[in-house]
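Using the sequences plus the hints, can you model the full thing?
2 protein chains.
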Amino acid sequence: MQAVNIGILGLGTVGGGTAQVLQDNAAEISRRLGREVRVTAVCTRNTVRARQLCPQAAVVTEPTELVQRDDVDIVVELYGGTEIAKDAVLQAIENGKHIVTANKKLLAEYGNEIFALAEKNNVMIHFEAAVAGGIPIIKTLREGLAANRIHSIAGIINGTSNFILSEMREKGATFADVLKQAQELGYAEADPTFDVEGHDAGHKITIMSALAFGTPVNFGACYLEGISKLDSRDIQYAEELGYRIKLLGITRRTEKGIELRVHPTLLPESRLLANVNGVMNAVRVKADMVGETLYYGAGAGALPTASAVVADIIDICRLLDADSENRVPLLGFQSDKVQAQNFLSIDEITSSYYLRMYTQDQAGVLAAVAAVLAKYDISIEALIQKSVLDSTHAEIVILTHSTIEKNIKAAIAEIEAQETVAAPVVMIRMESLHG
Amino acid sequence: MQAVNIGILGLGTVGGGTAQVLQDNAAEISRRLGREVRVTAVCTRNTVRARQLCPQAAVVTEPTELVQRDDVDIVVELYGGTEIAKDAVLQAIENGKHIVTANKKLLAEYGNEIFALAEKNNVMIHFEAAVAGGIPIIKTLREGLAANRIHSIAGIINGTSNFILSEMREKGATFADVLKQAQELGYAEADPTFDVEGHDAGHKITIMSALAFGTPVNFGACYLEGISKLDSRDIQYAEELGYRIKLLGITRRTEKGIELRVHPTLLPESRLLANVNGVMNAVRVKADMVGETLYYGAGAGALPTASAVVADIIDICRLLDADSENRVPLLGFQSDKVQAQNFLSIDEITSSYYLRMYTQDQAGVLAAVAAVLAKYDISIEALIQKSVLDSTHAEIVILTHSTIEKNIKAAIAEIEAQETVAAPVVMIRMESLHG
Numbered sequence: 001m002q003a004v005n006i007g008i009l010g011l012g013t014v015g016g017g018t019a020q021v022l023q024d025n026a027a028e029i030s031r032r033l034g035r036e037v038r039v040t041a042v043c044t045r046n047t048v049r050a051r052q053l054c055p056q057a058a059v060v061t062e063p064t065e066l067v068q069r070d071d072v073d074i075v076v077e078l079y080g081g082t083e084i085a086k087d088a089v090l091q092a093i094e095n096g097k098h099i100v101t102a103n104k105k106l107l108a109e110y111g112n113e114i115f116a117l118a119e120k121n122n123v124m125i126h127f128e129a130a131v132a133g134g135i136p137i138i139k140t141l142r143e144g145l146a147a148n149r150i151h152s153i154a155g156i157i158n159g160t161s162n163f164i165l166s167e168m169r170e171k172g173a174t175f176a177d178v179l180k181q182a183q184e185l186g187y188a189e190a191d192p193t194f195d196v197e198g199h200d201a202g203h204k205i206t207i208m209s210a211l212a213f214g215t216p217v218n219f220g221a222c223y224l225e226g227i228s229k230l231d232s233r234d235i236q237y238a239e240e241l242g243y244r245i246k247l248l249g250i251t252r253r254t255e256k257g258i259e260l261r262v263h264p265t266l267l268p269e270s271r272l273l274a275n276v277n278g279v280m281n282a283v284r285v286k287a288d289m290v291g292e293t294l295y296y297g298a299g300a301g302a303l304p305t306a307s308a309v310v311a312d313i314i315d316i317c318r319l320l321d322a323d324s325e326n327r328v329p330l331l332g333f334q335s336d337k338v339q340a341q342n343f344l345s346i347d348e349i350t351s352s353y354y355l356r357m358y359t360q361d362q363a364g365v366l367a368a369v370a371a372v373l374a375k376y377d378i379s380i381e382a383l384i385q386k387s388v389l390d391s392t393h394a395e396i397v398i399l400t401h402s403t404i405e406k407n408i409k410a411a412i413a414e415i416e417a418q419e420t421v422a423a424p425v426v427m428i429r430m431e432s433l434h435g
Numbered sequence: 001m002q003a004v005n006i007g008i009l010g011l012g013t014v015g016g017g018t019a020q021v022l023q024d025n026a027a028e029i030s031r032r033l034g035r036e037v038r039v040t041a042v043c044t045r046n047t048v049r050a051r052q053l054c055p056q057a058a059v060v061t062e063p064t065e066l067v068q069r070d071d072v073d074i075v076v077e078l079y080g081g082t083e084i085a086k087d088a089v090l091q092a093i094e095n096g097k098h099i100v101t102a103n104k105k106l107l108a109e110y111g112n113e114i115f116a117l118a119e120k121n122n123v124m125i126h127f128e129a130a131v132a133g134g135i136p137i138i139k140t141l142r143e144g145l146a147a148n149r150i151h152s153i154a155g156i157i158n159g160t161s162n163f164i165l166s167e168m169r170e171k172g173a174t175f176a177d178v179l180k181q182a183q184e185l186g187y188a189e190a191d192p193t194f195d196v197e198g199h200d201a202g203h204k205i206t207i208m209s210a211l212a213f214g215t216p217v218n219f220g221a222c223y224l225e226g227i228s229k230l231d232s233r234d235i236q237y238a239e240e241l242g243y244r245i246k247l248l249g250i251t252r253r254t255e256k257g258i259e260l261r262v263h264p265t266l267l268p269e270s271r272l273l274a275n276v277n278g279v280m281n282a283v284r285v286k287a288d289m290v291g292e293t294l295y296y297g298a299g300a301g302a303l304p305t306a307s308a309v310v311a312d313i314i315d316i317c318r319l320l321d322a323d324s325e326n327r328v329p330l331l332g333f334q335s336d337k338v339q340a341q342n343f344l345s346i347d348e349i350t351s352s353y354y355l356r357m358y359t360q361d362q363a364g365v366l367a368a369v370a371a372v373l374a375k376y377d378i379s380i381e382a383l384i385q386k387s388v389l390d391s392t393h394a395e396i397v398i399l400t401h402s403t404i405e406k407n408i409k410a411a412i413a414e415i416e417a418q419e420t421v422a423a424p425v426v427m428i429r430m431e432s433l434h435g
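In order, the protein sequence lines correspond to chains Y and C. Under UniProt numbering, the first residue of the first sequence is numbered 1, with each subsequent residue one higher. Under UniProt numbering, the first residue of the second sequence is numbered 1, with each subsequent residue one higher.
Calculated from the structure, these hints are not laboratory results. A portion of the hints provided could be inaccurate.
As the list claims (entries may be wrong) - In the DMTMM-like style, the derived pairs of lysine to aspartate or glutamate whose C-alpha atoms are separated by at most 25 Å in a straight line are:
| no. | chain 1 | residue 1 | chain 2 | residue 2 |
| --- | --- | --- | --- | --- |
| 1 | C | 171 | Y | 269 |
| 2 | C | 386 | C | 269 |
| 3 | Y | 171 | C | 269 |
| 4 | C | 337 | Y | 321 |
| 5 | Y | 256 | C | 24 |
| 6 | C | 256 | Y | 28 |
| 7 | Y | 120 | C | 269 |
| 8 | Y | 256 | C | 28 |
| 9 | C | 337 | Y | 24 |
| 10 | Y | 337 | C | 28 |
| 11 | Y | 337 | C | 321 |
| 12 | C | 120 | Y | 269 |
| 13 | Y | 120 | C | 321 |
| 14 | Y | 229 | Y | 239 |
| 15 | C | 256 | Y | 24 |
| 16 | C | 120 | Y | 24 |
| 17 | C | 337 | Y | 239 |
| 18 | C | 337 | Y | 255 |
| 19 | Y | 406 | Y | 255 |
| 20 | C | 120 | Y | 323 |
| 21 | Y | 120 | C | 113 |
| 22 | Y | 337 | C | 24 |
| 23 | Y | 337 | C | 36 |
Said to hold, decoys possible - Over the 10 Å line for every Cβ pair with chain C, so calculated as not near, a few chain Y residues:
| no. | residue |
| --- | --- |
| 24 | 34 |
| 25 | 83 |
| 26 | 110 |
| 27 | 128 |
| 28 | 183 |
| 29 | 340 |
| 30 | 341 |
| 31 | 350 |
| 32 | 356 |
| 33 | 391 |
| 34 | 396 |
| 35 | 420 |
For each residue, glycine too, the CB sits at the ideal point set by N, CA and C.
This is the structure we're talking about:
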């Protein structure tokens with residue numbers, strides 16, 4: 001069979017990895033696919049790198065030029081961001097090119113527009129590399145678990161944040177110290193906001209939410225809370241109580257609507273997800289028939305991400321000449337069955353909570369706190385009270401049972417209004433990972 | 001589009017689960033697939049159950065009858081075993097029916113014959129449910145990791161054995177006691193040989209080995225060693241040294257050939273695989289580009305297994321009218337590229353080892369043991385020596401570095417020949433899970 005021609009937009013880390021995988025594993029890939037895959041064009045300003053990595057490919061500097069080439073069947077978009085990438089992808093689709101992209105931001109923010117244009121132009125879009133790097137979680141959601149109604153997804157999907165939290169726990173270090181170390185190791189960007197404030201995880205959980213429930217992508221509905229304000233004291237208290245704190249992306253189907261959120265989360269230490277450390281990623285899926293499954297691997301890096309990009313290329317190659325009915329639909333559901341659904345605001349979600357409060361060390365303080373929680377029908381699962389160094393104050397840590405977030409916030413407001421409570425209450429959500 | 005017609009051979013646990021998934025999730029499945037899937041015929045002697053589970057289906061009692069029906073597009077073989085199932089599957093293929101099967105024994109022992117006939121008759125065979133129940137590991141190996149050269153697979157793929165080992169560790173109980181409990185809970189068969197002696201895991205790792213390396217299935221090359229002779233003392237010593245013992249299926253590509261084996265294995269307790277407990281399954285894959293990935297979930301049970309069966313049905317449905325080039329090849333590699341390769345005998349594998357020996361408690365014993373290991377160039381990673389109750393004997397536990405199995409066996413024979421060594425040496429293989 002004829003070779004398939006690839007055009008790569010952007011020859012950075014993942015672009016370079018993709019070129020390398022296609023070259024180093026050319027024999028294994030053609031053993032699987034039955035045809036050759038070759039890079040015929042790349043778009044980059046770094047022509048030296050292009051010559052090294054893809055000596056056979058035409059080098060262009062304008063995306064517009066690449067996406068119109070007759071010798072390109074599949075456009076691999078690896079620019080990242082949305083400024084250039086969006087126009088390039090839309091143009092490629094209009095030119096009838098199939099798309100492979102690792103761009104989570106692009107899909108989370110403009111996915112609906114892109115998918116609609118792809119549908120109209122009858123092209124495939126694959127995006128395994130956009131979520132959890134080399135872990136084939138998109139394929140799992142679109143195909144592997146297709147017999148299920150998916151209930152919930154919870155994932156450690158930002159390696160930078162997970163590295164920082166792992167180090168904070170192991171070394172008792174502060175966020176600021178570990179961030180600096182992560183930057184030196186190349187695990188965190190000079191401006192780490194995108195990773196540590198939950199935006200990146202938010203993009204990824206938004207995409208998985210659409211795939212799990214058959215809804216349009218809805219990044220606007222995603223609640224984002226990062227780890228930069230996390231105190232290592234809370235990591236220690238969590239440990240004392242048998243929990244670990246992880247930055248989780250969570251999406252869940254409830255009777256009232258879909259929950260979609262990113263925030264630090266206490267997990268029971270016995271759960272596998274709680275034991276995923278360093279820069280590694282893991283995604284836990286709960287579905288009605290299969291129950292709980294979990295997928296673990298490298299969430300970033302040139303070669304793991306390229307592994308996903310090239311798997312997508314292979315998938316597309318197999319179906320280049322097939323009818324559109326032979327394809328898995330873009331979001332795993334027939335496009336006319338992708339339905340807008342109600343997403344819950346963060347105040348409407350149901351969770352259990354970790355609360356830490358700094359109070360005067362005197363009789364009646366705990367009773368008053370307990371009375372407020374009881375008023376809002378919030379029951380207590382565990383409690384630690386400790387005198388602190390100055391001995392005139394105490395620290396109270398409470399784990400609650402499940403409640404609606406607006407109730408816990410109202411209770412916290414009342415607790416903070418008490419004269420004996422000397423500082424804002426720290427609140428961290430918990431997940432038992434049962435539902 | 002027209003409905004797809006399913007014929008089910010065998011309406012036991014998984015057959016019943018399959019009927020239930022197809023019925024309960026009919027709406028979600030058709031939302032994904034764009035067409036209806038209906039059970040038109042079942043083959044069972046239990047007509048009452050058939051009427052309950054598949055009220056619309058024709059009920060037949062002879063497999064021959066079902067596999068010839070015009071109103072069956074896909075035959076789902078859920079008999080298990082090879083006596084009836086093999087003929088039924090071969091007949092179905094000759095009648096041009098596509099096959100979904102959960103039958104690991106059938107594929108591990110007769111897969112080459114079955115795949116060849118399927119190729120000749122241009123039908124698809126999917127078998128996600130044959131390995132690790134609801135975990136989509138077959139799809140992952142055939143598609144998700146297609147960009148990689150796979151190095152090795154290590155899996156906890158027998159829930160019964162894993163349950164027994166987990167209980168032995170937690171409760172310090174013997175194999176016999178926990179087996180009895182497992183039988184009462186329905187986790188172990190009345191005759192547990194197939195599970196606890198490694199046959200079941202052997203079938204599964206044989207199938208994964210073929211998919212990983214593009215070889216014919218080669219169950220004859222699979223070394224099998226079960227858990228029935230495992231002493232709880234060794235589980236305790238392992239724990240003291242920071243290890244857990246798991247029954248692993250292992251296959252690895254080496255320069256000398258392919259390793260394929262099932263046996264109890266010491267794993268460092270910090271690895272995720274070491275923390276997979278109870279009846280759950282997990283498969284760890286090491287590949288050149290993506291690195292380490294791991295897949296976790298329920299390895300058995302009516303609904304998890306049916307989740308895999310129905311995912312396979314959906315996959316086949318999408319490609320019913322497509323050309324064979326549009327399909328993923330049966331073993332993930334083009335059939336003319338599936339190559340017989342050299343498989344290593346157990347004596348040729350490379351591993352590190354746990355050794356426990358019962359010796360007289362006198363000067364020079366340890367020196368003599370160490371001298372034998374040194375003679376075979378086996379270096380020691382860790383060692384415990386303990387006096388035992390009668391105080392005239394000692395127990396020595398040694399962890400070795402990597403060596404060839406025939407060397408450790410020769411060393412053990414020499415150690416056992418020493419007069420001061422009072423019982424056969426216990427040998428358990430170890431895996432660092434680095435390669």
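Each hint, compared with the structure:
For the given pair, residue 171(C) sits about 20 Å from residue 269(Y) by alpha-carbon distance, which is consistent with the 25 Å threshold. At most 25 Å may separate the alpha-carbon atoms for a hinted pair to count; residue 386(C) and residue 269(C) meet this at roughly 22 Å. Straight-line distance between C-alpha atoms of residue 171(Y) and residue 269(C) comes to about 20 Å, which keeps the hinted pair within the 25 Å bound. As the CA atoms of residue 337(C) and residue 321(Y) are separated by approximately 22 Å, the hinted pair is consistent with the 25 Å bound.
Of the pairs offered as hints, the one joining residue 256(Y) and residue 24(C) holds, with about 21 Å between alpha carbons and a cut-off of 25 Å not exceeded. Simply put, residue 256(C) and residue 28(Y) have alpha-carbon atoms about 19 Å apart, close enough for the 25 Å limit, and the pair holds. Of the supplied pair hints, the one linking residue 120(Y) and residue 269(C) is violated, its CA atoms being roughly 52 Å apart against a limit of 25 Å. Only pairs whose Cα atoms come within 25 Å are accepted, and residue 256(Y) paired with residue 28(C) is accepted, the gap being roughly 19 Å.
With a C-alpha separation of about 18 Å, the suggested pairing of residue 337(C) with residue 24(Y) holds against the 25 Å cut-off. Straight-line distance between C-alpha atoms of residue 337(Y) and residue 28(C) comes to about 10 Å, which keeps the hinted pair within the 25 Å bound. Only pairs whose Cα atoms come within 25 Å are accepted, and residue 337(Y) paired with residue 321(C) is accepted, the gap being roughly 22 Å. As the CA atoms of residue 120(C) and residue 269(Y) are separated by approximately 52 Å, the hinted pair breaks the 25 Å bound.
Annotation: proposed proximity of residue 120(Y) to residue 321(C) holds, straight-line Cα distance about 22 Å (limit 25 Å). Distance check on the hinted pair: residue 229(Y) and residue 239(Y) sit about 18 Å apart at the alpha-carbon level, within 25 Å; holds. For the suggested pair residue 256(C) and residue 24(Y), the alpha carbons sit about 21 Å apart, so the restraint of at most 25 Å is met. For the hint pairing residue 120(C) with residue 24(Y), the CA-to-CA distance comes to about 33 Å; that exceeds 25 Å, so the pair is violated.
Restraint check for residue 337(C) and residue 239(Y): the C-alpha separation of about 52 Å exceeds 25 Å, so the hint is violated. Restraint check for residue 337(C) and residue 255(Y): the C-alpha separation of about 50 Å exceeds 25 Å, so the hint is violated. Distance restraint check for residue 406(Y) and residue 255(Y): the Cα-Cα separation of roughly 17 Å lies within the 25 Å cut-off, and the hinted pair is therefore satisfied. The straight-line distance between the Cα atoms of residue 120(C) and residue 323(Y) is roughly 24 Å, inside the 25 Å bound, and the hint therefore holds.
For the given pair, residue 120(Y) sits about 44 Å from residue 113(C) by alpha-carbon distance, which is inconsistent with the 25 Å threshold. Note on residue 337(Y) and residue 24(C): the hinted pairing holds, with a Cα-Cα distance of about 18 Å set against a maximum of 25 Å. With a CA separation close to 14 Å, the supplied pair residue 337(Y) and residue 36(C) stays within the 25 Å bound. Its beta-carbon lying about 5 Å from the closest one in chain C, residue 34(Y) breaks the requirement of being farther than 10 Å from that chain.
Residue-level check passed: residue 83(Y) sits 29 Å from the nearest beta carbon of chain C, beyond 10 Å. Distance check on residue 110(Y): its Cβ is at least 24 Å (rounded) from any Cβ of chain C, clearing the 10 Å threshold; non-interface status holds. Non-interface call for residue 128(Y) relative to chain C: violated, since the shortest CB-CB distance, roughly 8 Å, does not exceed 10 Å. No Cβ of chain C comes within 10 Å of the Cβ of residue 183(Y); the nearest lies about 23 Å off, and the non-interface call holds.
For residue 340(Y), the non-interface assignment is confirmed: its Cβ lies about 14 Å from the closest Cβ of chain C, beyond the 10 Å cut-off. The Cβ of residue 341(Y) lies farther than 10 Å from every Cβ of chain C, with a closest approach of about 13 Å, so its non-interface assignment holds. With a cut of 10 Å on Cβ distances, residue 350(Y) stays outside the contact zone with chain C, its closest approach being about 23 Å. Its beta-carbon lying about 29 Å from the closest one in chain C, residue 356(Y) satisfies the requirement of being farther than 10 Å from that chain.
Taking the minimum C-beta to C-beta distance to chain C, about 39 Å, the non-interface status of residue 391(Y) holds against the 10 Å cut. Once the 10 Å rule is applied to beta carbons, residue 396(Y) is consistent with being away from chain C; the minimum gap is 32 Å. The non-interface label for residue 420(Y) is consistent with chain C: the shortest C-beta to C-beta separation is roughly 43 Å, beyond 10 Å.
Of the numbered hints given earlier, the model fails hints 7, 12, 16, 17, 18, 21, 24 and 27; all others are met.
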